[in-house]
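Colleague: The primary structure of each chain is shown beneath.
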Amino acid sequence: MVKLLARLRPIIPALGLMALLALTLPAAAQQPTSVNPTASSVNERKLLQEVDRITGRCTIPDQKACTIEQPTGRDWRQFHQVTLRWIGAIAILGMLAVLVVFYLWRGMVKIEAGRSGRTIVRFNALERFVHWMTAVCFIILAITGVNITFGKNLLLPLIGPEAFTTFSQWGKYAHNYLSFPFTIGVVLIFLMWIAGNIPNRTDVEWLKRGGGLVGHDHPPAYRFNAGQKLIYWFVVLGGLAVAISGYLLMFPFYTTNIVGMQMAQIVHGVVAVIFIAVMLAHIYIGSIGMEGAFEAMGTGQVDVNWAREHHRLWLEQEMGRTGPARSQAQPHATPAE
Amino acid sequence: MARMKFLCDADRCIECNACVTACKNEHDVPWGINRRRVVTINDGKPGERSVSMACMHCTDAPCAAVCPVNCFYTTDDAVVLHSKELCIGCGYCFYACPFGAPQYPRVGNFGSRGKMDKCTYCAGGPEADNTPAEYASYGANRLAEGKLPLCAEMCSTKSLLAGDGEIIAQIYKERVTKRGYGSGAWGWMTAYRETIAT
Numbered sequence: 084m085v086k087l088l089a090r091l092r093p094i095i096p097a098l099g100l101m102a103l104l105a106l107t108l109p110a111a112a113q114q115p116t117s118v119n120p121t122a123s124s125v126n127e128r129k130l131l132q133e134v135d136r137i138t139g140r141c142t143i144p145d146q147k148a149c150t151i152e153q154p155t156g157r158d159w160r161q162f163h164q165v166t167l168r169w170i171g172a173i174a175i176l177g178m179l180a181v182l183v184v185f186y187l188w189r190g191m192v193k194i195e196a197g198r199s200g201r202t203i204v205r206f207n208a209l210e211r212f213v214h215w216m217t218a219v220c221f222i223i224l225a226i227t228g229v230n231i232t233f234g235k236n237l238l239l240p241l242i243g244p245e246a247f248t249t250f251s252q253w254g255k256y257a258h259n260y261l262s263f264p265f266t267i268g269v270v271l272i273f274l275m276w277i278a279g280n281i282p283n284r285t286d287v288e289w290l291k292r293g294g295g296l297v298g299h300d301h302p303p304a305y306r307f308n309a310g311q312k313l314i315y316w317f318v319v320l321g322g323l324a325v326a327i328s329g330y331l332l333m334f335p336f337y338t339t340n341i342v343g344m345q346m347a348q349i350v351h352g353v354v355a356v357i358f359i360a361v362m363l364a365h366i367y368i369g370s371i372g373m374e375g376a377f378e379a380m381g382t383g384q385v386d387v388n389w390a391r392e393h394h395r396l397w398l399e400q401e402m403g404r405t406g407p408a409r410s411q412a413q414p415h416a417t418p419a420e
Numbered sequence: 581m582a583r584m585k586f587l588c589d590a591d592r593c594i595e596c597n598a599c600v601t602a603c604k605n606e607h608d609v610p611w612g613i614n615r616r617r618v619v620t621i622n623d624g625k626p627g628e629r630s631v632s633m634a635c636m637h638c639t640d641a642p643c644a645a646v647c648p649v650n651c652f653y654t655t656d657d658a659v660v661l662h663s664k665e666l667c668i669g670c671g672y673c674f675y676a677c678p679f680g681a682p683q684y685p686r687v688g689n690f691g692s693r694g695k696m697d698k699c700t701y702c703a704g705g706p707e708a709d710n711t712p713a714e715y716a717s718y719g720a721n722r723l724a725e726g727k728l729p730l731c732a733e734m735c736s737t738k739s740l741l742a743g744d745g746e747i748i749a750q751i752y753k754e755r756v757t758k759r760g761y762g763s764g765a766w767g768w769m770t771a772y773r774e775t776i777a778t
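Chains as they are written, first to last, in the working numbering: chain L, 84 to 420; chain A, 581 to 778.
This is chain A alone, in the form it adopts within the complex (with noise of 0.2 angstroms):
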């Protein structure tokens, strides 16, 4: 099986937030929740870069680490899915992520967070494949279905990539010799304990 990934190639990346709006419509994300965001660093700066983020679904995952309920399980592609059954909503998983993405439905009250929601890589939760009930919790599964994380199939700069770790980071490596330069592959360190050697 291969080991799914994603790569957001930063000196694509044009900040259009199309990556976030596919994904809130794909997946019927309700309001307050963002499963992928972009974010620019050094915003109006010289060399300021915009960086499409969400659940990098990490090697040894510190929020199924942490999770008090064991509610996170990783599948035979290496995404890592969780149970909204199990989950009860502590907010743990928050502290442990390295890119902040886990999201609750509720600001959190006494508590109150609601059952956490994340990027599911397109590839549903425990349910059965492409039933009403995976849509209604975690949204499509496209990976299911043979198809890539929308975020990245309509990248329009194609500067998200997603797929197996080792083709993406084959495209990538290309890249970067053809043009003569690239500012690395962000959060690989940090999600995958290895970078992109280019």
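Chain L with its partners taken away, still in its complex shape (with noise of 0.2 angstroms):
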């Protein structure tokens, strides 16, 4: 017996391993033929469902490329050639109709006493040149901005591909660049109005009371008026908002990813179309909407009696303060034309 151990004794581990062999056959049989190495793997489907963008990893060093399907890009597509289309149409051209009729029902508003030949410095010559700096570089940030959402409908076919694409490049430069003059003048802007733009108790009653839009009505009013710090604070935050999310345009990825790249877009789109609404109001409230506005930008002189029927707080305090010997008829001073 222990002789036949002996002679077995080589194959013992082969023994075992049939007998091992023997135990696990009938497991392998019920298994299936072919094994699915899909039952675990990623699935592109699920994947979106679970999230907007699938990302994973690369082995190149720009990191966006790691992004390897957002089709929310399509919901940016959607707000940039429908959405922002309809709130810049309805915004800019409903603004512009709004005062057409305006301006046809009511006219200019007269200086109703006439002038007096008097007049009061309103604005000084540092606060005139920050207004128009903004001013200016406003202008050119609309219309080449303007141009960017609606610029292949309305002006490539008119000037053609060649002529539209150097247009757009010199608009997309002077878009970028201006952008610091505007972004300084709107912080010049905040600093030097401030005091005059804080709501109080007479702009209840200057609303109330229409700001004297309609009517000959004169709601009595400090520096600036209701309507005034309306444009104030929408100017300073609303130039804040264009100023943030174009930066964040500008300097592309640096500290935002892809969906926040598209919200500063959204955000610039909305904000600017709505900011050239409110803007076209208050150039024609300044200029063919209202009798010696114009000057208080223009020479920095408004006439007295101008001052007397819009400002009259601001008046009586600016008589008190400087006596009325200095708001005597200026034989120099040039006529408001």
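Simulated from the structure, these hints should not be mistaken for lab results. Possibly wrong hints are sitting among the right ones.
Listed below are the simulated SDA-like cross-link pairs for lysine to any residue, each with C-alpha atoms no more than 25 angstroms apart in a straight line [to be verified]:
(1) K727/A / K738/A
(2) K129/L / E707/A
(3) K695/A / T227/L
(4) K235/L / E707/A
(5) K695/A / L130/L
(6) K604/A / T150/L
(7) K193/L / F336/L
(8) K695/A / P240/L
(9) K727/A / N710/A
(10) K625/A / D135/L
(11) K147/L / E606/A
(12) K147/L / E707/A
(13) K695/A / A347/L
(14) K695/A / G190/L
(15) K147/L / K625/A
(16) K147/L / S717/A
(17) K129/L / N710/A
(18) K664/A / K193/L
(19) K235/L / I223/L
(20) K738/A / R759/A
Grab the two chains, each in its own frame, and use the hints to assemble them into the complex.
Modeller: This is how it looks when you write it as structure tokens:
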């Protein structure tokens, strides 16, 4: 017996293995003949149901390339091609239409007492410089910005693709570089005029009386009336919004990812077209909408009767501060045309 | 004319990045620009898959829709190409593209991205076929020579397929039937609004 075992010793491991196989074979036979290696694999459709973007690992330095699929790009396309165009068209054309109808109905708001011939300083040279620097930048930014959204439909068919590209290329440079003086202008406007633009009780009455736009009412106002304060705060806050979103677009992917870039463009586009509409109203009331208003930013001097009708409380303050002597008729004052 | 498409069989891709290299070499693509790249999803985990992705030459391409200067055009083969003469480098196509295909030669301070560059399906650009001017801007025009995109042609596992959409869909379908599984044609639903029924 011992002899037999000793003879079998070399094949014991093999026997053991055979026994093991005999045990495991039935189990193996129960498994399907072909294994499905995709049972646990990532699935595109399932991933897209869970996340907006499929991101993985890639071996190239540009980490943006690791986002393999972002179907949300189509949502941004929908915004840019449809939503923004509607908002822009309604805001800008709608405001123009309102202004034309208002002008035809109301006409220019006259100085009711007529010109006194005496003037008072309303905006000094620095204030006017800041205003016009910001204004010129804004107009160029607005035209070049509107060109990016509407130009291919309005201007491209007129001047052809090559000329349109040249115009848009220069427009892009202008838009990018003029953003700096524009932003500085908005900051200076904020600091320069904040004191006169804190809302107070007179604004409530001014708004209740519709600012005197309708009829011949002249609700009292300090240096800036409630309408001007609204413009001021729109310029400051809207300017801040377009500046921040604009710089995000100008320095792409420095601080944000593709979703951030899309959001920045959406904020920039919507605020900008509303900004244009608000500024159209501002330009209207500062030019053909009101007699004697343009001089405030033109020469910086306004007629005392204009000031009395539109900014009575401010005029009283100024008179009390400097005395009536300084506001007497100036022999060399340029007559307002 | 055929409707050209790309199809990456993720169950075959071994992430060798040869398609990326071949593309860069064939078109003399500058440093920093990748017309094609391989992305590995769930890297290191069970079920990881690698997908080679470039411009998918979408039906109703989003890049073409949002371009402010209309520099994109679609060829008879449904390949989406663009003109670098007209591109102003605004970057909008990158925001709209579902596949991150548009590339820009510069980092982008002050909006100076340079002219956009992307996969041309080895079909060049608007310049005359296979001229030095076309090569300088867009790379080789293999399609004009009757050849398919190099990335797919030299794929070692034939994971990446390029060609007539119906033919490559048929090849993929046969593979799935034969081997019994397939994780789907990546990007097809997004790019072409259709997928391959298997």
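Colleague: If a hint holds in the structure, say so; if it does not, say that too.
Modeller: Hints, one by one, checked against the model:
1. K727/A / K738/A: Measuring from Cα to Cα gives roughly 16 angstroms; hence the hint holds.
2. K129/L / E707/A: Violated, at roughly 42 angstroms.
3. K695/A / T227/L: 19 angstroms, holds
4. K235/L / E707/A: 22 angstroms, holds
5. K695/A / L130/L: 33 angstroms, violated
6. K604/A / T150/L: 20 angstroms, holds
7. K193/L / F336/L: With a Cα-Cα distance of about 52 angstroms, the restraint between K193/L and F336/L is violated, given a limit of 25 angstroms.
8. K695/A / P240/L: 22 angstroms, holds
9. K727/A / N710/A: With a Cα-Cα distance of about 13 angstroms, the restraint between K727/A and N710/A holds, given a limit of 25 angstroms.
10. K625/A / D135/L: Since the Cα atoms of K625/A and D135/L sit roughly 21 angstroms apart, the hinted pair holds (cutoff 25 angstroms).
11. K147/L / E606/A: Since the Cα atoms of K147/L and E606/A sit roughly 23 angstroms apart, the hinted pair holds (cutoff 25 angstroms).
12. K147/L / E707/A: Given that 25 angstroms is the threshold and the Cα spacing comes to 30 angstroms, the pair is violated.
13. K695/A / A347/L: Holds - the C-alpha atoms of A347/L and K695/A are around 22 angstroms apart, at most 25 angstroms.
14. K695/A / G190/L: Violated, at roughly 50 angstroms.
15. K147/L / K625/A: 22 angstroms, holds
16. K147/L / S717/A: This hinted pair holds, its Cα atoms lying about 23 angstroms apart.
17. K129/L / N710/A: With Cα atoms ~43 angstroms apart, K129/L and N710/A exceed 25 angstroms; violated.
18. K664/A / K193/L: Distance ~55 angstroms between K664/A and K193/L Cα, so the pair is violated.
19. K235/L / I223/L: 18 angstroms, holds
20. K738/A / R759/A: 15 angstroms, holds
Going through the hint list in order, the structure does not satisfy hints 2, 5, 7, 12, 14, 17 and 18.
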